[in-house]
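Next come the chains, spelled out residue by residue.
Number of protein chains: 2
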Amino acid sequence: MFLYLIVVGLLSCDGQMLVKDKNPDFILVIHGGAGTILKENMTDEKEQQYEAKLREALKAGSKILKNGGSSLDAVTETICVLEDSPLFNAGKGAVFTAEGVNEMDASIMDGSDLNAGAVTGVRSIKNPIRAARAVMENSPHVLLSGAGADTFALQQGLTIVEPEYFFTKRRWESYQKVKAKKEQGEKHGTVGAVALDMQGNLAAATSTGGMTYKMKGRVGDSPIIGAGTYADNNTCAVSATGHGEFFMRNVVAYDISALMKYKGLSLTDAADEVIQKKLKAIGGDGGIIAVDKDGNFTMTFNTAGMYRGFISSEGEMEVLIFK
Amino acid sequence: MFLYLIVVGLLSCDGQMLVKDKNPDFILVIHGGAGTILKENMTDEKEQQYEAKLREALKAGSKILKNGGSSLDAVTETICVLEDSPLFNAGKGAVFTAEGVNEMDASIMDGSDLNAGAVTGVRSIKNPIRAARAVMENSPHVLLSGAGADTFALQQGLTIVEPEYFFTKRRWESYQKVKAKKEQGEKHGTVGAVALDMQGNLAAATSTGGMTYKMKGRVGDSPIIGAGTYADNNTCAVSATGHGEFFMRNVVAYDISALMKYKGLSLTDAADEVIQKKLKAIGGDGGIIAVDKDGNFTMTFNTAGMYRGFISSEGEMEVLIFK
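Sequence order for the protein chains is U and Z.
Going by the working numbering, the letters in the first sequence line up with residues 1 to 323, in that order.
Going by the working numbering, the letters in the second sequence line up with residues 1 to 323, in that order.
Rather than coming from a laboratory, the hints here were simulated on the basis of the structure.
As the structure is a computational prediction, the values presented were derived from the model and not from experiment.
Possibly wrong hints are sitting among the right ones.
[Claimed, not checked] Calculated cross-link-like contacts (lysine-lysine; reagent style DSSO-like; alpha-carbon spacing at most 30 Å):
1) Lys-177(U) x Lys-323(U)
2) Lys-216(Z) x Lys-261(Z)
3) Lys-263(U) x Lys-261(Z)
4) Lys-280(Z) x Lys-263(U)
5) Lys-280(U) x Lys-263(Z)
6) Lys-261(Z) x Lys-278(U)
7) Lys-293(U) x Lys-293(Z)
8) Lys-53(Z) x Lys-261(U)
9) Lys-277(Z) x Lys-263(U)
10) Lys-216(U) x Lys-277(Z)
11) Lys-261(Z) x Lys-293(U)
12) Lys-66(U) x Lys-263(U)
13) Lys-216(U) x Lys-39(U)
14) Lys-323(Z) x Lys-263(U)
15) Lys-277(U) x Lys-59(Z)
16) Lys-261(Z) x Lys-261(U)
17) Lys-263(U) x Lys-278(Z)
18) Lys-293(U) x Lys-39(Z)
19) Lys-216(Z) x Lys-126(U)
20) Lys-293(U) x Lys-179(Z)
21) Lys-293(Z) x Lys-263(U)
22) Lys-169(U) x Lys-59(U)
23) Lys-280(U) x Lys-293(Z)
24) Lys-263(Z) x Lys-179(Z)
25) Lys-263(Z) x Lys-216(Z)
26) Lys-278(Z) x Lys-278(U)
27) Lys-216(Z) x Lys-216(U)
28) Lys-280(U) x Lys-261(Z)
29) Lys-216(Z) x Lys-277(U)
30) Lys-280(U) x Lys-39(U)
31) Lys-261(U) x Lys-278(Z)
32) Lys-59(Z) x Lys-278(U)
33) Lys-39(Z) x Lys-261(U)
34) Lys-293(U) x Lys-126(Z)
35) Lys-263(Z) x Lys-278(U)
36) Lys-59(Z) x Lys-39(Z)
37) Lys-59(Z) x Lys-261(U)
38) Lys-261(U) x Lys-126(Z)
39) Lys-126(U) x Lys-46(U)
40) Lys-261(Z) x Lys-277(U)
Between the sequences and the hints, there should be enough to build the whole structure, so can you do that?
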């Protein structure tokens, strides 16, 4: 794994790696949400902002991987960069619920031992992904919800912020428009990261603010192990984004792993089977990023666009937004 | 399906159907929780109470199936009988959280269209399984949590009760003992039902009070589609009971379906692979009930006992508690 191998990768229009001759020592893949993201609706300035933030997140995670750090640390710190940005629907940039508050979900999974942690409906934690990780590492539980999760995060010494921290003009205006029934609520914008480290360990993490104007208490796929997030060193690490209910009913993240494990499909074939066939057939909008135990990866989606990118031990880095 | 076929079934010591020559028109299988349920700790009176209630639940569900009703209705009404009894850790008999309140979870899934609904952390709904079904049928969501779920149930016209309704002396004493650190909290006692109806549709439902003295906001596997509950007409319907965190990390209910779908395993082999091998190897206590599209069923567990039973269109009915 420590040999300096050369990765030869070609990206297809939907961002999948088609040809890869050698395995990278490490790889990190991220997404910032899939949806009706069209070039014609995007200013150059906005596009540059997104690309810069995706690059910053990739660099934060890859620095850890390059120094021999764990995939778990890499996905955690990568997600924190995205959570701290107002651009994405997670952490700082979380959308508003029907009640005009921010309720966030996050989850993380360690492919080396199938340990996992998640929180749902948290309101005060600056970085929900750190709370998910604390649930995994410092509690006997997998999923904590609502005030119980906020209290746990406080007890764990995580950074707690006032509700005002999560106020962003853009999300508030979006909330007001949905409230006035002037437009559909945003269903997308979740952030995610998957990584393979130099020890061969896989990890996956996902964080979201959910849907604009979502019903009080609505839980989507992001905090659900097997739906929005899954990692197993024997197969792959997956983070999903899209219309959560479809991803929950189809157990999307674990289904990709199961297709590899039980049916012998490659990562790309397994991901395409789930995202481009199964979900597309029933109107389940969204996409996933995934990396397998050999460092192959895919970033596949059935929507107009998905904020996404990857960086490998070979120094390759690419960020993409549209199809 | 309407022919009067004869089911020849032999039950092994762990309650699995080993030989079955013909397919039943319908079948209903239930559980009332798995755990350290030992004959020597049970009075004859208590054993009779459990057996009588399991039979009552089976009769309520099978009456619906016999009249050509849906598996969805059958599992709903079956679960309601168990939720209304103080014997099981669901509804009326729900255990107490660390804060001394009752927070319940439930989920339901329709194998004909992979639709699903669930609630977690509800406090005021007499029959949480009806709330899960309302989420499935009357909301665009799959999972609602906490006060949002209670409010939704009220709006749906479901029966709402005062907190006192869920008080039972037995569960309160158990709570006090755990609080005084005199004993371990009960991790088990969930109820579940799976059914195949005369139209060939599968359904699964699960309901629980969770773990005694559970941390505020702790969500187990019962409300998680793919972990505690799963149904797909192409494979099987599954309801799980046990140490929830292990069932979530291993995506137990969906994994059984995936082993059938992708690896071609029989229902019994798939269930044994997950419960007796995978989970047993990592100390994941518990069991599942499941029925496949042909009416084969299994009730397998890796604990000392599991309250369980089945009834088929052939008039066969059996309830079991110990190994």
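Going through the hints against the structure:
no., hint, in the structure
1, Lys-177(U) x Lys-323(U), "holds (28 Å)"
2, Lys-216(Z) x Lys-261(Z), "violated (37 Å)"
3, Lys-263(U) x Lys-261(Z), "holds (9 Å)"
4, Lys-280(Z) x Lys-263(U), "holds (24 Å)"
5, Lys-280(U) x Lys-263(Z), "holds (24 Å)"
6, Lys-261(Z) x Lys-278(U), "holds (14 Å)"
7, Lys-293(U) x Lys-293(Z), "violated (35 Å)"
8, Lys-53(Z) x Lys-261(U), "violated (41 Å)"
9, Lys-277(Z) x Lys-263(U), "holds (20 Å)"
10, Lys-216(U) x Lys-277(Z), "violated (40 Å)"
11, Lys-261(Z) x Lys-293(U), "holds (24 Å)"
12, Lys-66(U) x Lys-263(U), "violated (33 Å)"
13, Lys-216(U) x Lys-39(U), "violated (33 Å)"
14, Lys-323(Z) x Lys-263(U), "violated (34 Å)"
15, Lys-277(U) x Lys-59(Z), "violated (41 Å)"
16, Lys-261(Z) x Lys-261(U), "holds (12 Å)"
17, Lys-263(U) x Lys-278(Z), "holds (18 Å)"
18, Lys-293(U) x Lys-39(Z), "violated (47 Å)"
19, Lys-216(Z) x Lys-126(U), "holds (20 Å)"
20, Lys-293(U) x Lys-179(Z), "violated (44 Å)"
21, Lys-293(Z) x Lys-263(U), "holds (21 Å)"
22, Lys-169(U) x Lys-59(U), "holds (28 Å)"
23, Lys-280(U) x Lys-293(Z), "holds (25 Å)"
24, Lys-263(Z) x Lys-179(Z), "violated (46 Å)"
25, Lys-263(Z) x Lys-216(Z), "violated (39 Å)"
26, Lys-278(Z) x Lys-278(U), "holds (27 Å)"
27, Lys-216(Z) x Lys-216(U), "holds (18 Å)"
28, Lys-280(U) x Lys-261(Z), "holds (20 Å)"
29, Lys-216(Z) x Lys-277(U), "violated (40 Å)"
30, Lys-280(U) x Lys-39(U), "holds (22 Å)"
31, Lys-261(U) x Lys-278(Z), "holds (14 Å)"
32, Lys-59(Z) x Lys-278(U), "violated (37 Å)"
33, Lys-39(Z) x Lys-261(U), "violated (40 Å)"
34, Lys-293(U) x Lys-126(Z), "violated (47 Å)"
35, Lys-263(Z) x Lys-278(U), "holds (18 Å)"
36, Lys-59(Z) x Lys-39(Z), "holds (25 Å)"
37, Lys-59(Z) x Lys-261(U), "violated (40 Å)"
38, Lys-261(U) x Lys-126(Z), "violated (42 Å)"
39, Lys-126(U) x Lys-46(U), "holds (24 Å)"
40, Lys-261(Z) x Lys-277(U), "holds (16 Å)"
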